[in-house]
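Novice: Residue 287 in this note's numbering sits at position 287 of the sequence shown, and the numbers go up by one each step.
A portion of the hints provided could be inaccurate.
The calculated DSBU-like cross-link candidates involving lysine-lysine, where the alpha carbons are at most 30 Å apart (straight line), are [said to hold, decoys possible]:
| # | residue 1 | residue 2 |
| --- | --- | --- |
| 1 | 173 | 197 |
| 2 | 161 | 172 |
| 3 | 249 | 305 |
| 4 | 34 | 288 |
| 5 | 305 | 11 |
| 6 | 305 | 288 |
| 7 | 90 | 292 |
| 8 | 128 | 197 |
| 9 | 221 | 305 |
| 10 | 287 | 11 |
| 11 | 272 | 128 |
| 12 | 11 | 271 |
| 13 | 127 | 211 |
| 14 | 127 | 262 |
| 15 | 250 | 11 |
| 16 | 93 | 249 |
| 17 | 292 | 250 |
| 18 | 207 | 121 |
| 19 | 128 | 11 |
| 20 | 185 | 211 |
Hint data in this document are derived by calculation from the structure and do not stem from the laboratory.
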Amino acid sequence: MQNNPEYLQEKESFNAYYETTVLPMLQKIEARRKKYLLRFILIGLFIIFWCISLMSDGALLKENISGDVAGVVFCFSILALCWPLLSYYKKSKESLLPVLAGYFGQFSYACRAPLNETLLKQSKIMKKYDVLDTDDSFSGQYDGVGVNFAEYILRDLKYEKKDGVKRPVYIKKARGIIFIAQMNKNFSSQTIVVKDKGWLNKFAHYKNLQKAGLESPEFEKQFEVYTDNQIEARYLLTVVMLNYMLEVKKTFPNVEFSFFDKNVFINIELKKNLFEISSFFTSIINKKRIEKSFYELYLLFSIIKILRLDKKTLF
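Hey, can you work out the whole structure from these sequences and the hints?
Specialist: In structure tokens, the structure reads:
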């Protein structure tokens with residue numbers, strides 16, 4: 001898709017935005033990175049000096065220090081060493097990602113913002129989980145459409161027995177992005193569109209929903225549809241809309257949809273983390289890395305255009 005003429009045109013437009021808006025922000029963040037890196041180096045040198053002092057049996061220290069005190073000092077030193085790295089990583093995202101998203105519209109950014117888990121469970125397209133962690137989260141408007149999306153990780157809670165003691169272990173189950181956009185049609189029902197699982201479909205069960213048959217063999221090879229209102233399901237999922245959803249699947253193979261509460265919830269399972277814009281030990285002024293995050297945002301916002309959510313009437 002990176003060779004798509006529409007994307008290449010958008011990228012050309014972004015190049016001008018990069019020079020006038022993104023680059024000045026990168027230069028500010030780079031100055032901050034160098035300060036944090038200096039702190040990291042100084043703290044690291046202190047830890048090395050401390051370890052050498054202890055290993056030399058007090059030759060560099062005027063007084064002997066107990067093992068407990070040395071352990072406490074070492075632990076605090078490691079925490080102090082991690083602080084510049086973690087602080088820079090968080091602040092760089094908070095400074096830069098809203099600027100990148102600002103190319104597409106008015107967006108706010110938050111790191112690890114909580115999601116409405118009640119709505120997520122009501123969407124019926126999220127896997128069951130014990131713990132939900134979030135990462136990068138955006139909220140705003142794109143072409144007049146209210147949009148919220150966030151990276152997530154689902155974890156299952158298991159118990160592991162060691163030395164006769166049970167301890168909790170959180171195992172990663174899935175990761176991806178939940179994308180929520182306002183619909184321009186009024187409806188009171190719920191319709192979900194999930195991946196076709198072949199013979200496993202017979203075991204699928206969604207509370208209060210029944211399978212809906214649609215007149216699109218190509219679509220039904222890829223998806224299964226369940227609804228609590230067959231009439232409204234057909235009102236939403238016209239042949240044109242089905243084709244749009246197939247287009248989304250080409251970009252995001254593991255995508256599922258849930259239409260309810262006047263919104264469309266889109267769950268995209270991914271294997272990688274998105275929006276990784278910086279490295280602590282190398283300059284943040286790296287246009288290729290920025291273009292990668294821009295492309296990731298472009299793909300997500302293209303969902304709105306593909307599904308025609310920015311139009312007064314969908315079809």
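Novice: Looking back at the numbered hints, which does the structure fail to meet, lowest number first?
Specialist: 19
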